Amino acid sequence: MNYLIEKSQRLTSKLDVLHPRYLFNQIDWTQRLIAIKGARGTGKTILLLQYLKSLNLPEIWQST
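Under my numbering, residue 1146 is the last one in the sequence shown; the count climbs by one each step, no gaps.
These are computed hints drawn from the structure, not numbers from a lab.
Quantities reported herein were computed from a predicted structural model and do not represent experimental measurements.
Mixed in with the good hints, there may be bad ones.
[To be verified] Using C-beta positions, here's what the derived DEER-type ranges look like:
1. Asn1084 x Ala1121: 29 to 37 Å
2. Ser1136 x Arg1114: 28 to 36 Å
3. Lys1089 x Trp1111: 32 to 40 Å
4. Asn1138 x Tyr1104: 19 to 27 Å
5. Asn1084 x Tyr1104: 15 to 23 Å
6. Leu1093 x Gly1120: 16 to 24 Å
Heads up, the beta-carbon is just placed ideally off N, CA and C, and yes, glycines get one too.
Produce the complete structure using the sequences and hints provided.
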């Protein structure tokens, strides 16, 4: 679990939210299911990571 949290924080810390992908504002993020389809290397994962970073979620604390 710690590995996933660290990886998520590492990926989102490198992102540029000031210049989101061109589809960022065209997607209705309130929908329960969103399908993002495209060729390899077109920025699907970056788009999702930019959205997660734009939410400004609080840090995740894990206690064992």
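Under the constraints set out in the numbered hints, which ones does this structure not fulfil?
The structure breaks hints 2, 3, 5; every other hint is satisfied.
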